[in-house]
Every structure is written in C-alpha cells, then in structure tokens.
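Protein chains in written order, with full-length UniProt numbering: chain B, 1 to 114; chain R, 1 to 152.
Treat the hints with care, since some could be wrong.
[Said to hold, decoys possible] Some chain B residues near chain R, calculated using beta-carbon distances under 7 angstroms:
1. Ser35
2. Leu38
3. Ala39
4. Asn53
5. Asp64
[What the hints assert, rightly or not] Taking beta-carbon pairs under 10 angstroms as the criterion, some of the chain R residues facing chain B (in silico):
6. Glu21
7. Glu25
8. Ser28
9. Ile44
10. Arg45
11. Tyr52
12. Met56
13. Glu96
14. Gly111
15. Gly113
16. Met114
17. Gly115
18. Arg121
19. Cys122
[Claimed, not checked] Below, a list of computed lysine to aspartate or glutamate pairs in the EDC-like style, where the Cα atoms sit at most 20 angstroms apart:
20. Lys87/B <-> Glu21/R
21. Lys87/B <-> Glu25/R
22. Lys29/R <-> Asp64/B
23. Lys111/B <-> Glu24/B
24. Lys87/B <-> Asp42/R
25. Lys29/R <-> Asp79/B
Source of the hints: derived by calculation from the structure; they are not laboratory data. Just so it is clear, the structure is predicted and the values come from calculations on it, not from any experiment. Heads up, the beta-carbon is just placed ideally off N, CA and C, and yes, glycines get one too.
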Amino acid sequence: MKLEEVGRILEADLLCGEDLLLREVVTVCGSDLLSDVLAFTIQETLLLTALINMQVIRTADLSDLIGIVFVNGKRPGTDLIAMAQQKRIPLFVTRLPMYEACGRLYQYGLKGCI
Amino acid sequence: MESLNTQVIVLNFELKGSDFEAAGEASSKIKLVLQQIGIRSDVIRRIAISAYEAEMNVIIHAYRGKMKAEIFSDHTKITLKDEGPGISDIKLAMQEGYSTAPDYIREMGFGAGMGLPNMVRCTDKFDIESSVGIGTTISMTVCHNPLTIVGQ
Numbered sequence: 001m002k003l004e005e006v007g008r009i010l011e012a013d014l015l016c017g018e019d020l021l022l023r024e025v026v027t028v029c030g031s032d033l034l035s036d037v038l039a040f041t042i043q044e045t046l047l048l049t050a051l052i053n054m055q056v057i058r059t060a061d062l063s064d065l066i067g068i069v070f071v072n073g074k075r076p077g078t079d080l081i082a083m084a085q086q087k088r089i090p091l092f093v094t095r096l097p098m099y100e101a102c103g104r105l106y107q108y109g110l111k112g113c114i
Numbered sequence: 001m002e003s004l005n006t007q008v009i010v011l012n013f014e015l016k017g018s019d020f021e022a023a024g025e026a027s028s029k030i031k032l033v034l035q036q037i038g039i040r041s042d043v044i045r046r047i048a049i050s051a052y053e054a055e056m057n058v059i060i061h062a063y064r065g066k067m068k069a070e071i072f073s074d075h076t077k078i079t080l081k082d083e084g085p086g087i088s089d090i091k092l093a094m095q096e097g098y099s100t101a102p103d104y105i106r107e108m109g110f111g112a113g114m115g116l117p118n119m120v121r122c123t124d125k126f127d128i129e130s131s132v133g134i135g136t137t138i139s140m141t142v143c144h145n146p147l148t149i150v151g152q
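Based on the sequences and whatever the hints tell you, model everything.
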C-alpha cells in the first residue's frame with residue numbers, strides 16, 4: 001500500500017512530503033515508546049504515534065522509517081516539520097486515536113513488524 | 001582492535017548532558033558519512049540505532065561526554081566516554097525494561113529500559129565499563145559485512 005492511500009484511509013492531513021507519497025508501506029508500528037520503535041521496527045516501517053517532540057524525527061531518520069502519522073489530532077510545531085522535510089520523512093496528522101488508526105490499517109492488510 | 005585496512009575515517013563529537021535539542025545529531029552525522037561511502041543500508045541502520053541509543057544515554061544520564069566513530073572499510077567502531085553518575089550494577093542495567101530515567105524522559109518516549117539491550121542486539125561487539133561517580137565508557141563494533149568476524 002502506498003503512503004497516499006494510508007492518508008486516505010486515516011482521513012489524515014499531510015504536513016510535509018508531498019513528493020514522497022508513492023512510497024510503499026510494508027509494515028506499521030503504533031507506539032509512544034521510541035526505544036521500542038528503535039528495538040522492534042524494521043526498515044521502511046510506518047510509525048503511528050502521539051509523540052510530537054524532535055526525537056520522533058531523529059528516531060525515524062536513524063531507523064529508516066518510511067513516514068509518520070500523528071494520531072489524536074496532535075499537530076507538531078514548525079521546527080519539527082522543518083526537520084522532517086530536511087530528512088525527507090513524510091508527516092501526516094489524523095484525528096483518529098491510536099487504536100482506531102492501527103485497526104483501520106490492519107483491516108486493509110497492513111501488518112506489524114513481527 | 002586492528003584492521004587489515006589502514007584507511008579510516010574518524011569523527012569526534014562533544015556531547016552535553018540534558019541537551020535534548022542536539023540529541024541525535026552526532027549519530028545522524030555518522031549515518032550520513034556511512035551512506036556517502038556506500039555501506040549497506042541494513043548495516044548502517046544497526047550502527048545508527050546503537051549510536052543513537054548510546055548518545056541518548058549520555059544526554060539523559062551524564063553531565064558531558066565524548067563520542068568517537070572510527071569507520072574502517074570492514075567495520076565501524078563507536079566509543080562513548082562520559083562523565084556522569086556511572087552505573088552501580090551493570091548486569092541489572094543490561095536487563096530489558098530496567099531504567100533509572102526520570103518521568104520527563106519517559107514522556108519524551110525514552111527510558112523504557114531498552115537502550116543497552118538494543119545496543120547489544122545491534123552490534124557485533126559490545127563492551128561497557130563504569131565507575132560510580134566518575135562515568136561510563138561504551139565501545140561498540142559493527143562489521144560492514146555481517147559474515148566477517150572482527151578481531152579474528
């Protein structure tokens with residue numbers, strides 16, 4: 001599934017990375033623990049999180065995540081978006097809570113990093 | 001450790017405790033250099049994750065530290081030496097889920113007690129030494145070709 005379809009399924013707003021929406025999402029991780037993201041994801045995983053601090057972008061960059069969806073309508077600041085643009089990490093924000101967002105993507109066939 | 005290859009790129013960084021703005025910058029720069037010289041992406045990922053976990057540990061727990069990356073053609077060695085409280089029980093600290101990080105660190109998404117075990121998991125060689133009240137030194141090696149066994 002492409003990132004643009006993820007955006008549609010989650011009724012999400014795109015914050016940055018318009019030119020990267022054709023990236024293929026293979027696995028998804030929903031977590032607010034960055035240590036777990038670093039430990040349990042694989043390359044090119046999509047992250048769903050409610051964290052909106054700069055370390056989320058660092059974590060995504062250093063562990064080669066394919067993109068980030070902020071759940072619960074959490075909107076990050078402009079400095080975070082600027083860093084994501086620089087690191088070429090697409091960002092979405094959805095009003096859906098974590099469980100609902102993960103559930104929808106799972107329903108469409110996207111699995112976790114097992 | 002000796003390398004068969006004499007070519008080496010050395011990167012040095014100064015880390016400051018509690019500087020969360022800069023946390024991860026050093027690891028990010030190391031990753032960039034590894035990409036520029038064409039190291040395999042799955043290998044870079046292991047180096048980047050272990051470097052980042054170690055860098056975060058210095059930012060979270062120590063007063064200051066030095067981080068050094070030595071990139072050889074067949075392996076990368078990363079060493080972090082910090083001045084800080086040290087670790088009194090390394091065996092306990094190495095257990096998954098054990099953490100002494102305060103609540104504000106947990107709110108940031110860290111402090112889940114996965115850092116040290118994750119460093120071990122991502123690296124081919126991991127060494128840690130610590131003196132209470134003085135500081136901690138961590139040394140990690142990742143082979144660029146996973147079939148190579150460093151030091152043999």
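Status of each hint after checking the structure:
Residue-level restraint check for Ser35/B holds (minimum Cβ-Cβ distance to chain R is 4 angstroms; threshold 7 angstroms). Checking Leu38/B against chain R: minimum C-beta separation of about 5 angstroms stays under 7 angstroms; hint holds. Against a cut-off of 7 angstroms between C-beta atoms, the interface hint on Ala39/B holds, since the closest Cβ of chain R lies about 5 angstroms away. The criterion of a C-beta within 7 angstroms of any C-beta in chain R is met by Asn53/B, whose closest approach is roughly 6 angstroms, and the hint holds.
With a least beta-carbon distance of about 5 angstroms to chain R, the hint placing Asp64/B at the interface is held under the 7 angstroms criterion. Proximity of Glu21/R to chain B holds as hinted, the smallest CB-CB distance being about 7 angstroms (cut-off 10 angstroms). Annotation: Glu25/R was flagged as interfacial toward chain B, and the flag holds, the nearest CB pair being 8 angstroms apart, inside 10 angstroms. The criterion of a C-beta within 10 angstroms of any C-beta in chain B is met by Ser28/R, whose closest approach is roughly 6 angstroms, and the hint holds.
Nearest Cβ of chain B to the Cβ of Ile44/R: about 8 angstroms, under the 10 angstroms cut. The hint holds. Contact between Arg45/R and chain B, as hinted, is supported at the beta carbon level, the nearest pair being about 5 angstroms apart and thus within 10 angstroms. Of the supplied interface hints, the one on Tyr52/R holds, with its beta-carbon coming within about 5 angstroms of a beta-carbon of chain B, less than 10 angstroms. Checking Met56/R against chain B by beta carbon gives a least distance of about 8 angstroms; that is within 10 angstroms, so the hint holds.
Checking Glu96/R against chain B by beta carbon gives a least distance of about 9 angstroms; that is within 10 angstroms, so the hint holds. Checking Gly111/R against chain B: minimum C-beta separation of about 7 angstroms stays under 10 angstroms; hint holds. Interface hint at Gly113/R: satisfied, since its Cβ lies 8 angstroms from the closest Cβ of chain B, which is below the 10 angstroms cut-off. Taken as an interface hint, Met114/R checks out: its beta carbon lies about 4 angstroms from the nearest beta carbon of chain B, inside 10 angstroms.
For Gly115/R, the shortest C-beta to C-beta distance to chain B is roughly 6 angstroms, which falls under 10 angstroms, so the interface hint holds. Interface restraint check for Arg121/R: the shortest CB-CB distance to chain B comes to about 7 angstroms, inside 10 angstroms, so the restraint holds. Taken as an interface hint, Cys122/R checks out: its beta carbon lies about 9 angstroms from the nearest beta carbon of chain B, inside 10 angstroms. For a cut-off of 20 angstroms, the pair hint linking Lys87/B to Glu21/R stands: about 16 angstroms separates their Cα positions.
Proximity of Lys87/B to Glu25/R is assessed by CA-CA distance (about 12 angstroms); at most 20 angstroms being required, the pair is judged to hold. Straight-line distance between C-alpha atoms of Lys29/R and Asp64/B comes to about 14 angstroms, which keeps the hinted pair within the 20 angstroms bound. Restraint check: the Cα-Cα separation between Lys111/B and Glu24/B comes to about 13 angstroms, which is no more than 20 angstroms; the hinted pair holds. Restraint check: the Cα-Cα separation between Lys87/B and Asp42/R comes to about 18 angstroms, which is no more than 20 angstroms; the hinted pair holds.
The straight-line distance between the Cα atoms of Lys29/R and Asp79/B is roughly 19 angstroms, inside the 20 angstroms bound, and the hint therefore holds.
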